[in-house]
Each structure stands twice: as structure tokens, then as C-alpha cells.
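Chains A and B, in that order, are what the protein sequence lines are.
Heads up: the first sequence at position 192 corresponds to 192 in the working numbering, and the numbers run straight through without jumps.
Heads up: the second sequence at position 136 corresponds to 136 in the working numbering, and the numbers run straight through without jumps.
Keep in mind the hints are simulated off the structure, nothing from the lab.
Examples of chain A residues toward chain B, derived with CB under 10 Å: (1) Gly123; (2) Arg200; (3) Pro201; (4) Met203; (5) Ala206; (6) Arg207; (7) Gly210; (8) His220; (9) Pro223; (10) Leu297; (11) Asp303.
All values reported here derive from a predicted model rather than from experimental measurement.
Note that CB positions come from ideal geometry on N, CA and C, so glycine has one too.
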Amino acid sequence: MRFVAVKLLRAALTLWLVITFVFVVLRISGDPTDILLPDDVTQAVRDFYRAKWGLDKSLWQQYLAYWQSLLTGDFGMSLRSGMPAWDMVMERAPKTLLLGVCGLGMALFIGIPLGVIAARYKGTAIDRGVMSFAVFGFSMPNFFLGIILILAFSLHLRWLPSSGSGTWAQLVMPAFTLGTAFAAQIARFTRSAMIDVSNRPYMRTARSKGAGRLRQVVSHAFPNAVAPIVTIVGLKIGELIGGAVVTETVFAWPGLGRLVTVAVANRDLAVVQTILILLAATMIATNLVVDLLYGWLDPRARDQRRASDPRQEARA
Amino acid sequence: MPIIELDQLRVSILGRDGTEVQPVREVSLSLDTGRTLALVGESGCGKSMTCLAVAGLLPHRTRISGGSFRFEGTDVFSLSSAAAFELRRRNIASVFQDATGSLNPVRTIGWQIAEALRLRRGVTQAEAWTEAVRLLGRVGIPSPEARARDYPHRFSGGMNQRAMIALAIAGRPRLLIADEATTALDVTIQAQILDLIADLQAEMGMAVLLVTHDLGVVARAADDVAVMYAGRVVERAPVRRLFADPRHPYTQGLLGARPRIDRDAARLVTIDGVVPPLNAIPSGCAFAPRCPHADATCERQDPQVAGDGSGRFLACHKPGAVRIAA
Chain A
1 MRFVAVKLLR
11 AALTLWLVIT
21 FVFVVLRISG
31 DPTDILLPDD
41 VTQAVRDFYR
51 AKWGLDKSLW
61 QQYLAYWQSL
71 LTGDFGMSLR
81 SGMPAWDMVM
91 ERAPKTLLLG
101 VCGLGMALFI
111 GIPLGVIAAR
121 YKGTAIDRGV
131 MSFAVFGFSM
141 PNFFLGIILI
151 LAFSLHLRWL
161 PSSGSGTWAQ
171 LVMPAFTLGT
181 AFAAQIARFT
191 RSAMIDVSNR
201 PYMRTARSKG
211 AGRLRQVVSH
221 AFPNAVAPIV
231 TIVGLKIGEL
241 IGGAVVTETV
251 FAWPGLGRLV
261 TVAVANRDLA
271 VVQTILILLA
281 ATMIATNLVV
291 DLLYGWLDPR
301 ARDQRRASDP
311 RQEARA
Chain B
1 MPIIELDQLR
11 VSILGRDGTE
21 VQPVREVSLS
31 LDTGRTLALV
41 GESGCGKSMT
51 CLAVAGLLPH
61 RTRISGGSFR
71 FEGTDVFSLS
81 SAAAFELRRR
91 NIASVFQDAT
101 GSLNPVRTIG
111 WQIAEALRLR
121 RGVTQAEAWT
131 EAVRLLGRVG
141 IPSPEARARD
151 YPHRFSGGMN
161 QRAMIALAIA
171 GRPRLLIADE
181 ATTALDVTIQ
191 AQILDLIADL
201 QAEMGMAVLL
211 VTHDLGVVAR
221 AADDVAVMYA
231 GRVVERAPVR
241 RLFADPRHPY
251 TQGLLGARPR
261 IDRDAARLVT
271 IDGVVPPLNA
281 IPSGCAFAPR
291 CPHADATCER
301 QDPQVAGDGS
311 GRFLACHKPG
321 AVRIAA
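Next comes chain A alone, as it looks inside the complex (with noise of 0.2 Å):
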């Protein structure tokens, strides 16, 4: 428990960082009101509007404000539109985690087995050419499959629609463009992880009991490839969100990537805020996920663990 409760401060610590430099930076970036307002309005009408978004008061005295809203769960109004960033947020949030999940889903079902048998067929040619998919996955920037794959299925074969959110036929190409890169690291991950396995004293133990060849790989050596591949995908979740953004552009995918971009450009600093503090929060939850899977699958670090609560040490 005392694992837990030093995570979890680390995570918050972590996370009034993210949220500290976020609004540091944003400030003093540049005016929103350069940007939201036209050229010619006078200098009265931008103090008012400066006055009104509190762009007047000093940086401590706005990052302190922006604190006390924040603690009562007010993510502020979009400068843009009017509406409470958090709703706006909220709304798009749903669209980029399915496409997100189904990205990882694909990756993790394509790139675990691909790594497998890459390893289980090393220096052959199945190896050869897992490995060849694995580089040309990894090397294929998101936006030019994306573009890519619409002019073969959407303008070409027509079998898929290029753009929205509405279908799962919709959800295909996005979810495929994300999945690709990654199950393309994935595989190559699983790979090394699993030859690293395979030269272990105790796979030569499973041989000389009679395991068979599908029962060394899924009972001996698999299980012990799990945790290194798991820390590498939680590793990897930024890299993740960060294609999402890129990916829901090209597909005009409704999700927080199209929302963050066009934030960004128009200065709309509370919804930038928000989003940003939502993916940090996101990368922080993914981070203590895998650290306490890790435990749950390797017994070792299970015990180290305990061993370095002081309670559990005076109880044994």
C-alpha cells in the first residue's frame, strides 16, 4: 500500500507540474487578444476585453485564480466560443479514446503475435520478412499512410468513407493508420523480448521435461516476455496520442487532436489548458497502470516491493 501511496503523490507532484508550465507557457506566448479581436479595434475595446479574461492582473496573481476555479472543478470558458472549456472537451474526449483503444487494440493484436513468431523463426525468412513489415510500419509517417489508404479505399475502390464518425466503417481507416506504427514497435519489442527469453536456462529445463514447441513458447517463455513488453507500451501511449492528433486530422476524425490544433491557433487558452492537463492526467494514470502490472506479473518485483515496505518487513 505504501507503493501505492508514493505512486500516486509522484503522479500528483507530476501532474501540478504539467499543469504549472502549461500555464506559463501559454501566457506568455503571446495575447489572445491579438489574435481573437480584430486589427482595428481601439485600445479601449481590447482593456476591456483584457479586463474581462483577467489578461490584466499579473502572471502570479492569474495563475493563483486559475488555481482556485480549477480546485472547484471550473476549467474556465473558451475564449472562442463561450462555452466551459470542460464541456467542450468532454464532448470530444469519447471519439479520440475509441479511436485511441481500437489503435492499441490492433497494435497489441497484430504486433504481440508478429513478435512471437518473428523470435520462434529467427534468422529465417518469416523472421526476415516480419521484421521487413516492422520497419516499413515504423518508418510510414501517420498522415501519408492516411492519405494513402484514402485514395485506395475511399477514391479508388470506394469501399470505405474518407471521413466522420458516425460507423465503425468510418472508425477502420483511422484506427488502422494509428495501429500501424505501433504494432510495428510492438512486434519488433515482442521480438527482442521473447529471443532474450528463449536463451534462459529455465527454457532448456521446459525442453528437457517434454514441453513441446507451442507449449515452450504460450507456458514458458511468453509469460515471461509479458512485463518488458508492457512497460514499453506504457512507455509508448504518448507517442500514441501524439499520432492521434495527427491521424484525426487527415480522417477529420471529431476528436480532441482536431480540438487542440485549432485551440492552439486561435490562443484559446482555457481549452488548450484543459486538454493538455487531460492527456497529461491520461499519460500519469497509463504510467501507475503499468507499474502495478508489472508487479502482478513478475513475482520478483512483487516482493521487492514488499520488501521495501517497512510494515510488511516487521510483520514477517
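Given the coordinates of chain A, work out where chain B should sit on it, guided by the hints.
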């Protein structure tokens, strides 16, 4: 009938550049039920490779390139790979040096032993678990019921080696291969493990193939000894005769290199020179460059293994030329 008979076994390693070296050249052995044969020799003499060939655990790019292996009269190398796999699964078990590394870190000890039982005997999971707990108790793990649910990292090296032995004897194999099984352990634990293996052997009538470079272990545990040098058995004899009357100059050198507490010696006797690398084994007797008695014949002609009719086999042109006081 001997339980295993190796006749002129050869093992080759294929290099990436297409070259081939032979870590095992013409090894001939036989081992009877209930007996213990020790394979001794320096590192790289081919003793482990011989065991891996018998157990069917040769690593990648390594293959059997000659000779025959009979298990209770069955020519194993002529079987289909599935039949050979099945024969080994039921009859041959191995214990290795690194016990902790040889156990799967994410599986409980009990699961790993039970799995061996399920694979070798096809019993149900529940039966296998009960038997696994019994075996853990048998090899001397205290409160086996609870410890069966533990993972290997919770065990000491000695306890893991006991668990590995329990795993190996699960399903009553006919042959147990112990490849440096006690090398990494404390001397007292080492003695306990050797005694345990001897007890189990007597109880189950297993044959034991013991690989070691520790002559103390040989003297304690073996019935017969095969001394290997550069991929060949150079001398084979019952343990007492070998220790009392070593004939091959290499055996004499090995025995002479033991530290003795009852002698006052300023320094240990050593064998001059080093083991030849696998790709440069001399054409005559492989030991000739290091042998104090070698002459032109030794350098020209590889000596063949010959029995003396009383259980000793020797490959040497000038056996026992000068006896080293043992």
C-alpha cells in the same frame, strides 16, 4: 543390458562461416541401471555436450554427426524425431548447474514440477499437484505444501537445486543426468545433494550420469569414471581402480593436480600447456603436446580406445609410463 550405450558419438558445431568443429569426437560409453558414471575433464572437453546429445537438448547449430546412442537397446538416433522426443520425455531427465536460473521465475515451484508429471505421465492437474508436493517433501523441502506455491526467487540456491531434482525425478525417469549439479553450491549443501541423488537412485533404480570437474565429487558418488580430453574418452575404469592406478598420463595429471591435505607440498602440481582449441586439435594423440611421455608415435598416430578385459578402457600409446604417486 546397459541402460545407455554410446558408440563413437560425434557432435559438430556449425560455424556461421560454414566451418565445422567437433566438441565431441568418438565418445563411447555404457551405463547400467542403478549405476553412476562420472564424466570428468577440464572445461571444453565435451562432457556437457555429450550429456546434451543424450538428453536431446543440443543448442542451435549443433548436431550429432556420427555414432549411435542406444537406450535400453533402442537405437535412438534412428527413431523419428517425435518418437525420440517421446522416449526422452519419459525416460531421461536433467539437472543443471544454475538451479535458480533453470526454474521459470514466473511459475510456482509446484506448478513446474506438476507440469513435468503431466507431460511425462499424462496425469490430471490435481494428481500432479499432490505428487509434486510429495516430491518436494521427499527431496527435503520443509513444509512442502506451502512452499509448492512459492516462486523460485524465494528459495535459496540449494533449495532450488532440491526442487530441480524433484522436477527431474518426477515421473520416475530411468536416467538422471546431473551436469555440474553441485558445482555452484556450498560444500555442505553439495554433500547433501549428492546423498539425496544417491538415495533416490537406490530407491528408484535410476542410472545417473554425473558430469563434474570435481574429483572429490567423483570419489564420493561415482561407480565408474570416464575421463575426457578434447572430445574423447581417454580412460574409463571403475572409480577405485582409476584413483588407485591411473594409466593415462592425463588422468595421472588430473589426480596429481588435486590439493592434498596429507602431503606437504609447496605448490600444486599442474599439467603444462592448455587444452587445444576445437579448430586446432592435433592429428595424433590430442594430449601429446602436453604429455610428458609423448614420442614420435603419439604425434603421428591417434591412439584407439582398447579394453583390458577387466573393465578398464584406455586410449594411449604409452600408458602408465611413469606413475605419478597418487
